[in-house]
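Q: Those protein sequence lines, which keep their order, are chains A and B. For any residue, its number in our numbering is found by taking its place in the first sequence, counting from 1, and adding 382. For any residue, its number in our numbering is found by taking its place in the second sequence, counting from 1, and adding 3.
Derived from the structure by calculation, the hints contain no laboratory data. Just so we're clear, the structure is a prediction, and the values are computed from it rather than from any experiment. Accuracy of the hints is not assured; some may be wrong.
Taking lysine-lysine pairs in the DSSO-like style, the calculated list, with each CA pair at most 30 Å apart, reads [unchecked claim]: (1) B:Lys109 <-> A:Lys480; (2) B:Lys136 <-> A:Lys480; (3) A:Lys621 <-> A:Lys549; (4) A:Lys564 <-> B:Lys109; (5) B:Lys140 <-> A:Lys609; (6) A:Lys480 <-> B:Lys189; (7) A:Lys533 <-> B:Lys89; (8) B:Lys267 <-> A:Lys480; (9) B:Lys97 <-> A:Lys398; (10) A:Lys480 <-> B:Lys139; (11) B:Lys139 <-> A:Lys533.
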Amino acid sequence: MTKMIATRDAYGEALKELGGINEDIVVLDADLSGSTKTAVFQKEYPHRFFNVGIAEQNLIATAAGLATTGKIPFASTFAVFATGRAYEIIRNSVAYPKLNVKIAATHAGLTVGEDGATHQALEDISLMRSLPNMVVLCPADAVETKKCIYKAAEYQGPVYIRLGRSKVPVILDENYDFEIGKGIQLKEGNDITIIATGVMVAKALDAAEILEKEGISTRVINMSTIKPIDKDIIIKAAKETKGIITVEEHSIIGGLGSAVAEVLSENHPALMVRIGTMDTFGESGEAEKLLEKYGLNVANIVNKAKKLLSK
Amino acid sequence: MDKYGDLKKIATKLRCSIIEMLKEAKSGHPGGSLSACEILTALYFKEMRVDPNNPQWPDRDRFVLSKGHGAPVLYAALAEKGYFPKEELMSLRKIDSMLQGHPDMKDTPGVDMTTGSLGQGLAAANGMALAGKLDKKDYRVYALIGDGEAQEGIIWEAAMLAAHYKLDNLTVFLDHNGLQIDGFNKDVMNIEPIDEKFKAFGWHVINIDGHSFEEIFNALDEAKNTKAKPTIIIAKTVKGKGVSFMENQVGWHGKAPSEEEAKKAIDEIGGAVND
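The following block holds chain B by itself, in its conformation from the complex:
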């Protein structure tokens, strides 16, 4: 019996939802949504203390999708968790929908911070963590940043702040899929050595395979046991993970699959997983 069998099934469902909703929306970002499926599954279906019936619960753990264009994976996770009906997913990016192209905390239950403009979510997560410390609350704050996003200046302003204020209640994942809109990070603007950079900024740094539940949970435990420092989990991932023709393809950063491509993608992912 696979220890993480149930979670793997959920990650597969999220992948199918992402493909379905993007096909329906006819636009959006599949690559960076598919790369983060295991991370969001681990957080929402095991790690985080949340209650979909009480999204504003003051003592809940928070999650900030700083790479806001990954909205489809967040929406898929929230719907799967029961924050809103799954049918809503088909309204993504359409007029009057509560599911905006990028996360909007005003309209979508479960979205803890409005994001979309890169870099700002990490600083906002710091604010939540500072408030938790100030109020002596035990909630934890999680954020997911992109690797291209690490090129934003505010990421480093925020990185300094989190270390300065010893925000050990903050755990950040870096979805390190190596690609951004214009190509590979290393060709557009090299961010390496990204782990050394965060170490130099005073963070506890853990390198993992971002598609391995085993490694994700070990890292999360290590983060919780790390005191007086924020932790960043640098998760090596594959952009477009699970769909052969999307994997590591820069062209699938911000393009929706056609009817045919979607069918092929879902077949590959293993669309047999039904409720």
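This is chain A alone, in the form it adopts within the complex:
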């Protein structure tokens, strides 16, 4: 049976481990430490944890100030507030001066569930991707989350890490090699390629299994770094397969689908379908049911793949 762990839980664990290794790690939260799991770090290292209260602008700008002194701040809150409420602070006080601030935002996407549209960030990748100097990471599971957090701490400069609320299957091996800027091919295939990110990678693998049974050889790529995007792996897939499907728990505008389309259109135009939310807000409901309603499910990936191949 596959283990189910939320990426936010892996984040809390990673912070706790890192905190013991690197004295410069400090953590900030805006009154959501229980939900973002930064409380796990706070328990171990209370002096290096700062709660700024319900004040997301302050969260980011305070982190920027800490970074100027050589600290490595991880600032956390929900993705919608981190990237939306504090956007211009991130732009002017973090990205522009290229300060070493890590924004680890949880509760991204529809899988926030019952809290509904106000809390479901579906445009955060788009916002962060457009900022110069910003690295954007979106890990697929608990294993990759830990690796992302470690690499983000090593990297000098601003990083946005997109994490989720709901439990997701652990699909990657502990020996899995994560590198910022590298997509990873999880499965070979010659007919079609699915490029997925975040919690949709597991769904992409399930869809690939079904397609294989129907005789469609399906390549699966985990694009855990959205920026800088791995152009080579995209172009190679476009050359070696008949079409590309992108899958993300995010709007089809500005996220992974857009990033892949940009690479393809300038380098190797290919047939392509983007699966994501279709320029719409989410709503309240159970996480899995929401994914299904908005087409972020295995059946829709399978259907879109077949349709693309019949073009």
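We have chain A; now place chain B onto it with these hints.
A: Just chain B now, with coordinates in the frame of chain A:
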């Protein structure tokens, strides 16, 4: 002999530099730069522990110009202090210059924080002060905010944080010249009673004349001796101070002087002060 004679001369030089560089740049913010000349002179030429030959010195005192549009006074002070050659000032706002329209810490030696979007600098100064406390360092953090800037929500988020974390290593000046782009603070969006507001937020508050060195240094001493609280020095200033036709004129918030106006301004300031 005037106790502050040397500092007064430096403030006068800063004023001349501001006029010269803005004339050359043909844009920029004279009003709020001229109002802060004594404050920056006091900080960079007496109060702060800094080394222009080692701008990144980890134990240095920090200064954050939260009202980033006051960049000309900061650049004038840094050049005068020796962080970079004074000739650089003439490149202000020009392409490829290290002197951007608003302070950029990546490019300009001595700039401790990138600012320009109002309110963010105070929160960043808090971050520096928190780090100082955490590392048990004795450096102090200074910030200058504008009075119009106090209308930004993040100022009050940051004000709460500084008091909550008892940042007594932080001293903030409020350049209270009473004016902002659209007019007088009291007409655009009243901020008064600003001292009572900060008191209510848990700060130690000192009201002074922001052009009096005597009062500035007394306030700085009081701030250093105030424990477990951040201090804000509300400095009553005159926007455009030193140039009669700019003083208290809203139109001189963000406009550069012409050749002729610049000459007149420098004559008034006392441009006879040369190196």
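Q: Hints broken by the structure, by number, lowest first?
A: Those not satisfied are hints 3, 5, 6, 7, 8, 9.
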